[in-house]
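J.: Each chain is listed here by its residues.
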Amino acid sequence: MRQLYILIQKEFIQIFRNPLLPKLIIIFPIMVMLVMPWVTTMDVRNVGVTIIDEDCSSLSRHIISDIRAAEYFSLNDNVKTHNEALTLLEDCKVDAIVLIPRHFERDLLSQDPQKLDISANAVNATKGMLGSQYLILTIGSTLSNYNNHLTAAKTSDLIVIQNRFNPTLNYRHLMIPALMIMLLILICGFLSAINIVSEKENGTIEQINVTPIGKVTFILAKLIPFWFIGLFVVSIAMIVAWAVYDLSPTGSLGSIYLATILFILGFSGFGVSVANLSDNIQQTMFVMFFFIIIFVLLSGLLTPISSMPEWAQNFTTILPPRYYIDIMRAVYLKGSTIADLWPNFVALGVFVIVFNALAAFTYKKQS
Amino acid sequence: MNNTVISVKGLTKRFGDFTAVNCISFDVKRGEIFGFLGANGAGKTTAMRMLCGLSYPTSGSGTVVGFDVTREGEKIKRHIGYMSQRFSLYNDLTVWENIRLFAGIYGLSKAETIERANEILARLDITSERDTLVGSLPLGWKQKLSFAVATIHRPELVFLDEPTGGVDPITRRQFWEMIYEAADNGTSIFVTTHYMDEAEYCSRVSIMVDGEVRAIDTPTRLKEQFAAESMDEVFRILARGAKRGD
Numbered sequence: 001m002r003q004l005y006i007l008i009q010k011e012f013i014q015i016f017r018n019p020l021l022p023k024l025i026i027i028f029p030i031m032v033m034l035v036m037p038w039v040t041t042m043d044v045r046n047v048g049v050t051i052i053d054e055d056c057s058s059l060s061r062h063i064i065s066d067i068r069a070a071e072y073f074s075l076n077d078n079v080k081t082h083n084e085a086l087t088l089l090e091d092c093k094v095d096a097i098v099l100i101p102r103h104f105e106r107d108l109l110s111q112d113p114q115k116l117d118i119s120a121n122a123v124n125a126t127k128g129m130l131g132s133q134y135l136i137l138t139i140g141s142t143l144s145n146y147n148n149h150l151t152a153a154k155t156s157d158l159i160v161i162q163n164r165f166n167p168t169l170n171y172r173h174l175m176i177p178a179l180m181i182m183l184l185i186l187i188c189g190f191l192s193a194i195n196i197v198s199e200k201e202n203g204t205i206e207q208i209n210v211t212p213i214g215k216v217t218f219i220l221a222k223l224i225p226f227w228f229i230g231l232f233v234v235s236i237a238m239i240v241a242w243a244v245y246d247l248s249p250t251g252s253l254g255s256i257y258l259a260t261i262l263f264i265l266g267f268s269g270f271g272v273s274v275a276n277l278s279d280n281i282q283q284t285m286f287v288m289f290f291f292i293i294i295f296v297l298l299s300g301l302l303t304p305i306s307s308m309p310e311w312a313q314n315f316t317t318i319l320p321p322r323y324y325i326d327i328m329r330a331v332y333l334k335g336s337t338i339a340d341l342w343p344n345f346v347a348l349g350v351f352v353i354v355f356n357a358l359a360a361f362t363y364k365k366q367s
Numbered sequence: 001m002n003n004t005v006i007s008v009k010g011l012t013k014r015f016g017d018f019t020a021v022n023c024i025s026f027d028v029k030r031g032e033i034f035g036f037l038g039a040n041g042a043g044k045t046t047a048m049r050m051l052c053g054l055s056y057p058t059s060g061s062g063t064v065v066g067f068d069v070t071r072e073g074e075k076i077k078r079h080i081g082y083m084s085q086r087f088s089l090y091n092d093l094t095v096w097e098n099i100r101l102f103a104g105i106y107g108l109s110k111a112e113t114i115e116r117a118n119e120i121l122a123r124l125d126i127t128s129e130r131d132t133l134v135g136s137l138p139l140g141w142k143q144k145l146s147f148a149v150a151t152i153h154r155p156e157l158v159f160l161d162e163p164t165g166g167v168d169p170i171t172r173r174q175f176w177e178m179i180y181e182a183a184d185n186g187t188s189i190f191v192t193t194h195y196m197d198e199a200e201y202c203s204r205v206s207i208m209v210d211g212e213v214r215a216i217d218t219p220t221r222l223k224e225q226f227a228a229e230s231m232d233e234v235f236r237i238l239a240r241g242a243k244r245g246d
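Residue numbers (the numbering used here), protein chains in the order written: chain W, 1 to 367; chain U, 1 to 246.
No lab work stands behind these hints, which were simulated from the structure alone. Be careful, since some hints might not be right.
[Claimed, not checked] Covered by chain U, per the in silico footprint, the following chain W stretches (three or more residues, Cβ under 8 Å):
1) 14-24
2) 206-212
3) 355-367
Ideal Cβ positions, reconstructed from N, Cα and C, are used throughout, including at glycine.
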């Protein structure tokens with residue numbers, strides 16, 4: 001026990017004496033939480049729309065004024081012909097064209113109504129798709145208002161879309177828990193790996209290996225400081241999320257911290273294993289980057305797992321961040337409890353055991 | 001008590017096709033200062049790493065302080081000290097913190113730690129540098145401190161891998177005084193060096209060439225055997241035939 005205490009003391013002294021690390025540990029989470037939620041947003045704004053009104057009816061004027069009023073669009077009025085508009089679309093000057101055909105209003109209630117035509121530039125697939133979705137919603141509501149106005153009976157096909165748990169469909173609320181996880185991956189995985197491999201490069205690990213210190217004691221002493229740092233970083237991130245974005249966990253803090261502890265335990269064990277198997281910092285960095293790209297892109301941090309191909313979905317079951325992000329989003333946005341999410345907690349627990357066993361196994365005092 | 005601290009027979013280490021240490025056998029007696037000489041690449045460090053329990057022998061056997069080098073590496077580590085050719089204290093810790101760390105690792109109690117730390121500071125005359133970062137000490141001081149830390153738990157045997165490399169002659173002399181002092185207190189010394197004047201200070205020396213021990217005896221008798229004036233000449237006669245090296 002005294003050995004462990006002495007070694008942990010040494011790690012903390014080294015971390016705090018490092019000219020960069022203590023500052024990074026504080027500034028990094030604050031910066032990431034202040035900046036990234038704004039730039040990683042997939043809410044589409046300022047969709048450039050041009051409208052070719054061949055109908056010139058009161059309905060078409062309604063549609064135009066509703067689009068003008070909607071906050072997502074910026075309307076370009078100076079276009080007269082459809083061809084002109086298509087040129088603008090090709091040049092990426094506008095994102096979508098709405099063509100209101102002649103006699104649109106007159107034929108609306110007839111058997112064979114004219115079709116309103118939306119062309120969107122889908123080079124930026126997200127913006128194209130979401131932009132046309134927004135247009136459909138906006139025009140749809142104009143039309144249903146108008147129908148109501150005429151005959152109440154005709155509005156049977158109203159679609160009600162309800163975005164539960166994230167009522168405003170605020171992408172930031174989805175990203176914030178994901179950003180916390182990326183912070184942990186970087187700080188707990190990277191720093192603990194680099195810490196160990198730099199002892200290899202300095203030759204000090206050899207001095208440790210020739211002492212009777214136990215493997216487990218040495219690795220624990222390396223990991224424990226990063227567990228504290230990880231919890232600290234998550235706490236800062238949660239405070240920023242609450243203060244700046246008014247986002248606080250709907251569920252209990254206890255389940256967030258429990259999941260965080262499990263994740264840090266597992267992931268820092270992973271970092272140590274990578275460091276044990278590499279000889280220098282370059283190798284460690286490269287291998288860690290490789291895995292972090294896999295973790296970030298495949299764990300559903302940025303894109304939903306359910307829309308991945310099946311083989312990729314199966315693969316995600318062996319990625320620890322997948323379970324952690326599920327817990328974080330569910331607790332943060334839905335208020336789920338440990339009882340709801342127990343399979344995820346069990347999965348994280350398994351990773352803790354596997355990765356730390358791997359860390360102890362790959363650290364060799366005698367080769 | 002057994003009078004032999006190191007006893008190896010046919011110790012061999014291969015890395016793939018390369019035989020770094022080829023079937024070496026020798027004994028080191030308690031209280032000896034044993035000089036382990038050889039040109040660069042002769043296999044000294046590899047041999048020493050096997051004796052310290054850092055590296056498994058490919059074949060052969062041996063005991064160090066009574067424990068088997070293959071199976072009881074961790075037990076060996078409790079009874080030896082080790083100072084490697086790369087300076088191996090933590091540069092970003094102070095003198096005091098380094099001493100405290102290694103005392104703690106070797107299981108010394110708090111009271112013992114303070115007592116021995118003060119003793120080391122006084123003996124090396126660096127009490128005023130107690131809170132200086134080790135990284136900013138001159139090399140000679142670092143090496144002396146490193147030796148003191150390697151022997152803080154009063155080991156039976158201490159391994160020194162080129163401890164005086166790059167150190168000035170005066171500090172080298174002081175360093176050897178420390179070695180003698182430790183030997184007088186009953187610690188056996190196993191030291192590698194490239195300085196042949198230091199070889200003369202040893203009670204016995206062995207000379208390794210191309211992974212094999214080519215000669216082993218007291219400096220005086222080695223000089224007689226090779227009809228040489230100095231250890232330097234003995235070394236050159238033996239090392240001339242070396243195929244490895246840089």
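J.: Now, for every hint given, state plainly whether the structure supports it.
T.: Evaluated hints:
Coverage of the region 14-24 of chain W by chain U holds in this model, with 3 residues showing a Cβ closer than 8 Å to a Cβ of that chain against a need of three. Interface restraint, the region 206-212 of chain W with chain U: holds (7 residues with C-beta to C-beta distance below 8 Å; minimum three). Counting residues of the region 355-367 of chain W whose CB lies closer than 8 Å to any CB of chain U gives 3, so the stated coverage by that chain holds, three being the minimum.
Violation of the numbered hints given earlier is absent; every hint is satisfied by the structure.
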